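Asks: Construct the entire structure; sequences and hints are all you get.
Protein chains: 2
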Amino acid sequence: MFLSWLALLFSILGAVTAVDICSDYPKPDPCLPGGEWDPVLNSCSGYDGRSCFQCYSGQFCKTREDTLTCQLSSTGGNPLVIAQFWLLNSTQEPCSTTLAHYRPAYQNPPGVPLPPLEDAIRKLHAISQNVDTSGRQLIGGFGATMMLHATVAALSEMILKNCTSNCPPVVDVMAQPPYYDNYPYIVGIVQTARWNTSADPTSPYTIEILTYPNNPNGVRRNPLVKNPNHVIRDMVYYWPMYTDIDTTISEPIMIFSSSKHEGLAGTRFGWGLYQDSVLAQNVAQVVNVLTLGLSVDVQLRVLASIQAIIGEKLNPSGLLPFHEAGRTVMESRFAKLSEVLTCATLTNYPSSSHGAYAWVQCKEGLKCLDVFASVNIIAEDGALFGSTSQYVRLSMLLPDAEFEILIDKVKALCSS
Amino acid sequence: MFLSWLALLFSILGAVTAVDICSDYPKPDPCLPGGEWDPVLNSCSGYDGRSCFQCYSGQFCKTREDTLTCQLSSTGGNPLVIAQFWLLNSTQEPCSTTLAHYRPAYQNPPGVPLPPLEDAIRKLHAISQNVDTSGRQLIGGFGATMMLHATVAALSEMILKNCTSNCPPVVDVMAQPPYYDNYPYIVGIVQTARWNTSADPTSPYTIEILTYPNNPNGVRRNPLVKNPNHVIRDMVYYWPMYTDIDTTISEPIMIFSSSKHEGLAGTRFGWGLYQDSVLAQNVAQVVNVLTLGLSVDVQLRVLASIQAIIGEKLNPSGLLPFHEAGRTVMESRFAKLSEVLTCATLTNYPSSSHGAYAWVQCKEGLKCLDVFASVNIIAEDGALFGSTSQYVRLSMLLPDAEFEILIDKVKALCSS
Numbered sequence: 001m002f003l004s005w006l007a008l009l010f011s012i013l014g015a016v017t018a019v020d021i022c023s024d025y026p027k028p029d030p031c032l033p034g035g036e037w038d039p040v041l042n043s044c045s046g047y048d049g050r051s052c053f054q055c056y057s058g059q060f061c062k063t064r065e066d067t068l069t070c071q072l073s074s075t076g077g078n079p080l081v082i083a084q085f086w087l088l089n090s091t092q093e094p095c096s097t098t099l100a101h102y103r104p105a106y107q108n109p110p111g112v113p114l115p116p117l118e119d120a121i122r123k124l125h126a127i128s129q130n131v132d133t134s135g136r137q138l139i140g141g142f143g144a145t146m147m148l149h150a151t152v153a154a155l156s157e158m159i160l161k162n163c164t165s166n167c168p169p170v171v172d173v174m175a176q177p178p179y180y181d182n183y184p185y186i187v188g189i190v191q192t193a194r195w196n197t198s199a200d201p202t203s204p205y206t207i208e209i210l211t212y213p214n215n216p217n218g219v220r221r222n223p224l225v226k227n228p229n230h231v232i233r234d235m236v237y238y239w240p241m242y243t244d245i246d247t248t249i250s251e252p253i254m255i256f257s258s259s260k261h262e263g264l265a266g267t268r269f270g271w272g273l274y275q276d277s278v279l280a281q282n283v284a285q286v287v288n289v290l291t292l293g294l295s296v297d298v299q300l301r302v303l304a305s306i307q308a309i310i311g312e313k314l315n316p317s318g319l320l321p322f323h324e325a326g327r328t329v330m331e332s333r334f335a336k337l338s339e340v341l342t343c344a345t346l347t348n349y350p351s352s353s354h355g356a357y358a359w360v361q362c363k364e365g366l367k368c369l370d371v372f373a374s375v376n377i378i379a380e381d382g383a384l385f386g387s388t389s390q391y392v393r394l395s396m397l398l399p400d401a402e403f404e405i406l407i408d409k410v411k412a413l414c415s416s
Numbered sequence: 001m002f003l004s005w006l007a008l009l010f011s012i013l014g015a016v017t018a019v020d021i022c023s024d025y026p027k028p029d030p031c032l033p034g035g036e037w038d039p040v041l042n043s044c045s046g047y048d049g050r051s052c053f054q055c056y057s058g059q060f061c062k063t064r065e066d067t068l069t070c071q072l073s074s075t076g077g078n079p080l081v082i083a084q085f086w087l088l089n090s091t092q093e094p095c096s097t098t099l100a101h102y103r104p105a106y107q108n109p110p111g112v113p114l115p116p117l118e119d120a121i122r123k124l125h126a127i128s129q130n131v132d133t134s135g136r137q138l139i140g141g142f143g144a145t146m147m148l149h150a151t152v153a154a155l156s157e158m159i160l161k162n163c164t165s166n167c168p169p170v171v172d173v174m175a176q177p178p179y180y181d182n183y184p185y186i187v188g189i190v191q192t193a194r195w196n197t198s199a200d201p202t203s204p205y206t207i208e209i210l211t212y213p214n215n216p217n218g219v220r221r222n223p224l225v226k227n228p229n230h231v232i233r234d235m236v237y238y239w240p241m242y243t244d245i246d247t248t249i250s251e252p253i254m255i256f257s258s259s260k261h262e263g264l265a266g267t268r269f270g271w272g273l274y275q276d277s278v279l280a281q282n283v284a285q286v287v288n289v290l291t292l293g294l295s296v297d298v299q300l301r302v303l304a305s306i307q308a309i310i311g312e313k314l315n316p317s318g319l320l321p322f323h324e325a326g327r328t329v330m331e332s333r334f335a336k337l338s339e340v341l342t343c344a345t346l347t348n349y350p351s352s353s354h355g356a357y358a359w360v361q362c363k364e365g366l367k368c369l370d371v372f373a374s375v376n377i378i379a380e381d382g383a384l385f386g387s388t389s390q391y392v393r394l395s396m397l398l399p400d401a402e403f404e405i406l407i408d409k410v411k412a413l414c415s416s
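Chains as they are written, first to last, in the working numbering: chain A, 1 to 416; chain B, 1 to 416.
Keep in mind that the hints were calculated from the coordinates and are not lab data.
Keep in mind that a hint or two might mislead.
Since the list gives no way to pick out one identical chain from another, each pair is judged satisfied if it fits inside one copy or across any two copies.
Said to hold, decoys possible - Capping the alpha-carbon separation at 27 Å, the derived lysine-lysine pairs in DSS-like fashion look like this:
1. K336 x K367
2. K363 x K411
3. K62 x K336
4. K62 x K411
5. K336 x K411
6. K367 x K161
7. K367 x K411
8. K123 x K367
9. K226 x K161
10. K363 x K336
11. K313 x K123
Owing to the predicted nature of the structure, the values given are computational and were not obtained by experimental measurement.
Replies: And the structure:
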């Protein structure tokens, strides 16, 4: 209902070519046997959603070309013969035919999302005004985590490759503390890089990961590394629900996720925007070596979500309803927390009024984790984020039922 | 319809707890607000499909525990607050509610598939009799490619960690030629391993990848490395459509894929079976560092497919209809190819009668790739597989329309 309504809206506005993933699944006709008509891509598809079967051409891919002169690639291990089974063994009902109606082929070219998904993501950025995607290639992967891994791997390898003398064995990767506690692990399994918080930011062999706005404290910082091509901007929180979007950013390397934007953490999709097309190709290559391409199921899920979000009319505030609803929740949560976080032992670090986390500072000499543990709140030790145990991180992303308990616990803590 | 019929069948047989992914999506009631009742897991779920919201317990998770004494973890970045938006903004219709009806949380514990998927995979192996899964942990990832990467990474690191003297800097990884041409790339990005086809198989610091049956030639080979714990069996083709399942195999490390079994290459799911539970944990950890867990969308897709396959009655041959249909197609394709592959310049290497690829040997001195190129067939050069250019690999997995053209081209080649 929701999506059909959106489809209608789109058809009236003509702004975006809407895809209804319920009804716009590939249909067996009018293509040649075993082929499909794909409304999402508006073309017949032999199997990969982009072309006729090999040696077929013309309208609906029905013309068989000359046997000897037409080119037929018999390479790769794409199990299309098995995919045919699903086409023959399912009905046309949207849900019972799940098996056949998703595209079975490997994603090609590697790393590049399905065209309607790439369009939807660029449109989302344009409407949100958070990022200018023009002149940037968009590469997808299984979450921002994988995009970060692949970007560090590809960029560090390129830096070493371009080095001619006094070359280090690996490139140093740093982030300013406090930083996201998974970075050391993500960087740790890259051959050509090492995590080093003491790296020299003026060295041409240092990469900085700049979380913008920062996790855990919501602050927007300038990079210490001056070469913008060596700064990887992790911008998964640069959306209206988490921060004020007052600047449209256009840096060389920017990474986003469906987890933190659409809330689809369990779907696993992230994307990177790259000014340098060689870097983009190399990032895609790392993703491809690791996974042999993107998941079509994942992409269709993300496509449906982003379509639903960008299909709504902007509120008078200039925000999409999805973003405004999220912003309202996050702001009210920070307000509630500030109201109860009044202990003498605690100082709320006023880094943000509506970020994804609260970064709480306790009085000097106190282990902040223990303060919260006294009311059975498990927080995250500031030391994990490259800071000290005088701080903790609290998630502001809990479901309502749990957030209310968090507030009640803090209230009890501060009134005791 | 297909799945409903299966659900009925299962409920009669009582053999497997069937999950209908169309109707068995989590429902908002009877759990607490923002929570869901999950028929797949037969439990209320706060958010991760496994438990009540924190600080709630009892029937339907409706009892709120004491504020001070109940433990509340406020760690991690799981965007549950955003997931709530989808619950409130969709209807109950199966397809228009795609957005809400998939589970939004990060997969937990890392690498371990959803319980019904793990059950379905073990049942599939038991019915197919290809593998004895008892005493083996099952870890999932985004395709067999990622499972191989993670297994090489975890195993090589463990080997180096247990080494006490004369330790090499990295572990050698080898495969007997001809081997799958992606192995060198997959191994190439592992820190603690290097691809080395000249590795000494008697060294305790050598890992062998044994593709069983082999890609490209379908042959079943014995490993050269004698320690079975250092042999990674890539068994993605060890199913009835590709080979005779005459032995139920039970080796320490075995890897499979939904790509080659269900034909769902574009979904990206693979799994490994590990006898050593420490290795299993370490493999899961590599997957987790790379992707922060599995995709629930991907798992539900695979679950639906495997349920459909194992829900059918065995044929008189003892095979599942899905397997027998695949086997019949593959055998008829090999028969057709043998019939036309009669040139004096070509010798069909009779490695298999129904594998996924044909491994074709040309006359000595001929570049086999050029022979096929003369009728515009693009094959894969044997040299890529660690063999020589006297061989090529042809895919037997093309869709019917293309396979017929392949046959016509070979016929034209051999009659000219």
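Asks: Confirm or reject each hint.
Replies: To see whether the hints hold, each was checked on the structure:
For the homomeric pair K336 and K367, the shortest alpha-carbon distance inside one copy (24 Å) is at most 27 Å, but the shortest distance between copies (74 Å) is not. Only within a single protomer do K363 and K411 lie at most 27 Å apart by alpha-carbon distance; the minimum there is 18 Å, versus 84 Å between protomers. With identical chains, the CA atoms of K62 and K336 are at most 27 Å apart between copies only, with a shortest distance of 24 Å across copies and 64 Å within one. Only between protomers do K62 and K411 lie at most 27 Å apart by alpha-carbon distance; the minimum there is 22 Å, versus 71 Å within a single protomer.
With identical chains, the CA atoms of K336 and K411 are at most 27 Å apart within one copy only, with a shortest distance of 10 Å there and 77 Å across copies. Taking the shortest alpha-carbon separations for K367 and K161, neither the intra-copy value of 45 Å nor the inter-copy value of 34 Å comes in at or below 27 Å. In the homo-oligomer, the alpha carbons of K367 and K411 lie at most 27 Å apart inside one protomer (19 Å), although the nearest pairing across protomers, at 79 Å, exceeds that limit. Neither within a single protomer nor between protomers do K123 and K367 lie at most 27 Å apart by alpha-carbon distance, with minima of 46 Å and 50 Å respectively.
In this assembly of identical chains, K226 and K161 lie within 27 Å of each other by CA distance solely inside one copy; the values are 20 Å within and 38 Å between copies. For the identical chains of this complex, K363 and K336 are intra-copy neighbours only, at 21 Å inside a copy versus 80 Å across copies, given an alpha-carbon limit of 27 Å. In this assembly of identical chains, K313 and K123 lie within 27 Å of each other by CA distance solely inside one copy; the values are 13 Å within and 49 Å between copies.
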